[in-house]
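On the provided structure of chain E, position chain G with the ligands as indicated by the hints.
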Amino acid sequence: MKVRVDMTMCEDHGQCAIAAPDVFRMNDESKLEYDPNPDDSLLAEVEEAADVCPAQAIFIED
Amino acid sequence: MRPQVVVVGASLAGLRAAEQLRAQGYAGDLTIVGAEKHKPYNRPPLSKEALSGHGPDVTVEALSASLAFRPKSSIADVRWQLGSPAVSSDLAEGLLSLANGQVLAFDALVVATGLRPRRLLGDTPTRGRHVVRTVDDAVSLRAALVPAVRAVVVGGGFIGCEVASTLTSLGARVTVVEPLPVPMLRGVGAELGAALRAHHEHTGLQVITGQGVSRLIGATEDAEQVAAVVLDDGTELAADLVIESIGSHPNTEWLQGNGLDLTDGVLCDNQLRVEGRAEIVAAGDIARFPNPRFDDIARRVEHWNMPGETAKRAAVTLADHLSGHATTTDPFTPLPAFWSDQFGLRLQSFGSPGLADTAVVEHGALDDLDGGLVMAYLRKDRLVGAVLVNVPASEYRRYRDAVAPLPLAV
Ligand SMILES: Cc1cc2nc3c(=O)[nH]c(=O)nc-3n(C[C@H](O)[C@H](O)[C@H](O)COP(=O)(O)OP(=O)(O)OC[C@H]3O[C@@H](n4cnc5c(N)ncnc54)[C@H](O)[C@@H]3O)c2cc1C
Ligand code: SF4
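Chains as they are written, first to last, in this note's numbering: chain E, 1 to 62; chain G, 1001 to 1410.
The hints are simulated quantities; they were obtained by calculation from the structure and are not laboratory data.
Quick reminder that beta carbons are idealized off the backbone N, C-alpha and C, glycines included.
Keep in mind that the hints are not guaranteed to be accurate.
Computed footprint of chain E on chain G, listed as stretches where at least three residues anywhere in the stretch have a Cβ under 8 Å from a Cβ of chain E [unchecked claim]: (1) 1074 to 1088; (2) 1389 to 1400.
Cross-link-like lysine to aspartate or glutamate pairs, in silico, EDC-like; alpha carbons within 20 Å at most [stated by the list, open to error]: (3) K1380(G) - D1357(G); (4) K1380(G) - D6(E); (5) K1072(G) - E47(E); (6) K2(E) - D35(E); (7) K2(E) - E29(E); (8) K1048(G) - E61(E); (9) K1048(G) - E1191(G); (10) K31(E) - D1295(G); (11) K1048(G) - E1201(G); (12) K1072(G) - E45(E); (13) K1048(G) - D12(E); (14) K1037(G) - D1077(G); (15) K1072(G) - D1029(G); (16) K31(E) - D1341(G); (17) K1039(G) - D1137(G); (18) K1037(G) - D1136(G); (19) K1072(G) - D12(E); (20) K1039(G) - D1136(G); (21) K1072(G) - D1107(G); (22) K2(E) - E33(E); (23) K1380(G) - D1295(G); (24) K1048(G) - D1029(G); (25) K2(E) - D62(E); (26) K1380(G) - E1253(G); (27) K31(E) - D1370(G); (28) K1072(G) - E61(E); (29) K31(E) - D62(E); (30) K1072(G) - E33(E); (31) K1072(G) - E48(E); (32) K1048(G) - D1370(G); (33) K31(E) - D12(E); (34) K2(E) - E61(E).
Isolated chain E, as found in the complex (with noise of 0.2 Å):
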């Protein structure tokens, strides 16, 4: 699957990484990186970030 954060709309709330950290990670300076390209068998947890994401900046593109 695709995954998309649209930059301009995440706050750093961190949500996407506690629910789904193989593809989301918070880095030293507290800014999102992500896994662009995820493991299919990872949508579950995908779809929990972009749920409990607050800004509602994940977008899933399969």
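Showing chain G with the ligands alone in chain E's frame:
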């Protein structure tokens, strides 16, 4: 006949409940009834960037579109019944009546009607008084924000403090009036509440605590236009705008007459089943349920993460009922999480600080919140909550995992 599930309340909890019912394999009809004419949208920005990021002429349509959730494709076939609230229900007969006269029959029901703001007593004056719960509220408040406007925010909870922050950033002169001794007492405790007050006052906010508003005064030339608030001790504060953020009231009236326990929301069991009814579940701000992570007392939790968590479990419970499966007995133990942005600070809370008997500074200093602070909240020596102020998000998981961990040591 295809089964009919009706979801009442078209906001985050209702949306997620519908999506999760589909995710659980429910393939029958789904109708979502909403009092507002908008499809579900995100509320937290209404006290924050949705006010500060738009000009005074922003429209309700533009704002609701910019905050709209993107429903999953699994509910593309759901029937939206928007703009007319449910007014009554007969749960034994499976009937729901809407204000526009329609009557909907259902086999199962999801209760997700959330809260509405409590109002100050007194019907007059009528103009210059605001609440912030809906896009319509935010648009009307934004339009009233002219430079140097004098605003009194009544109620110093999270929403009140956020609105005070946003209004200050837009050039308003703001006073917060809070009846309790410190702002946000229930959410962060006395020590951090006092520290936040000092921080906010330093940026120019006026905070009055220990006093409520006893009445509002209209202008001499126009009694309908608010001109001042009167505090309990008789002090008058001039005000062009009054923002009423004194708490909320669960929208349960439409469920009356069915023998449910509607004291403070809808009483549910731990699986979000409305007490005594197998075909009715509740989700979101309105659901009062016990969380064994803390104890066996049923409570409502007004945090953004709860609609998603409760909707998920409520959907499992309802899908099991509809398909005749044995219901899950796994205890439902969500960890409440809350954030707030105010006066340049990002607050992140995990757990239930309000249940604690003791608060201790774990990291940082109360007189330097900008520098980062971690407050730990203990109940009988067990960590039941943590509030992080200006802590990097990369640290969140560590603290989250430490709060009220599972399994429970009984
Ligand atoms: C201004 C503001 C700022 C917030 N900021 C934060 C924050 O920073 N962090 C955080 O964690 N949480 C925040 N929250 C809380 C969070 O937004 C709520 O927890 C969440 O919106 C609850 O969702 P819900 O679906 O349960 O209820 P609601 O969003 O209240 O939705 C209930 C819906 O049901 C509708 N309804 C009511 N009665 C009827 C009826 N009889 N028939 C049909 N429909 C009906 C209502 O119109 C409404 O659309 C904030 C809330 C507000 C208002
Ligand atoms: S949860 Fe959303 S806002 Fe927060 S870091 Fe992730 S993408 Fe950004």
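Hints versus structure:
| no. | hint | result |
| --- | --- | --- |
| 1 | 1074 to 1088 | violated (count 0) |
| 2 | 1389 to 1400 | holds (count 6) |
| 3 | K1380(G) - D1357(G) | 7 Å, holds |
| 4 | K1380(G) - D6(E) | 43 Å, violated |
| 5 | K1072(G) - E47(E) | 10 Å, holds |
| 6 | K2(E) - D35(E) | 9 Å, holds |
| 7 | K2(E) - E29(E) | 25 Å, violated |
| 8 | K1048(G) - E61(E) | 29 Å, violated |
| 9 | K1048(G) - E1191(G) | 25 Å, violated |
| 10 | K31(E) - D1295(G) | 36 Å, violated |
| 11 | K1048(G) - E1201(G) | 19 Å, holds |
| 12 | K1072(G) - E45(E) | 15 Å, holds |
| 13 | K1048(G) - D12(E) | 15 Å, holds |
| 14 | K1037(G) - D1077(G) | 18 Å, holds |
| 15 | K1072(G) - D1029(G) | 16 Å, holds |
| 16 | K31(E) - D1341(G) | 17 Å, holds |
| 17 | K1039(G) - D1137(G) | 16 Å, holds |
| 18 | K1037(G) - D1136(G) | 10 Å, holds |
| 19 | K1072(G) - D12(E) | 23 Å, violated |
| 20 | K1039(G) - D1136(G) | 13 Å, holds |
| 21 | K1072(G) - D1107(G) | 23 Å, violated |
| 22 | K2(E) - E33(E) | 15 Å, holds |
| 23 | K1380(G) - D1295(G) | 13 Å, holds |
| 24 | K1048(G) - D1029(G) | 37 Å, violated |
| 25 | K2(E) - D62(E) | 6 Å, holds |
| 26 | K1380(G) - E1253(G) | 38 Å, violated |
| 27 | K31(E) - D1370(G) | 18 Å, holds |
| 28 | K1072(G) - E61(E) | 12 Å, holds |
| 29 | K31(E) - D62(E) | 25 Å, violated |
| 30 | K1072(G) - E33(E) | 24 Å, violated |
| 31 | K1072(G) - E48(E) | 12 Å, holds |
| 32 | K1048(G) - D1370(G) | 19 Å, holds |
| 33 | K31(E) - D12(E) | 6 Å, holds |
| 34 | K2(E) - E61(E) | 5 Å, holds |
Of the hints listed earlier, those the structure fails to meet are numbers 1, 4, 7, 8, 9, 10, 19, 21, 24, 26, 29 and 30, in rising order.
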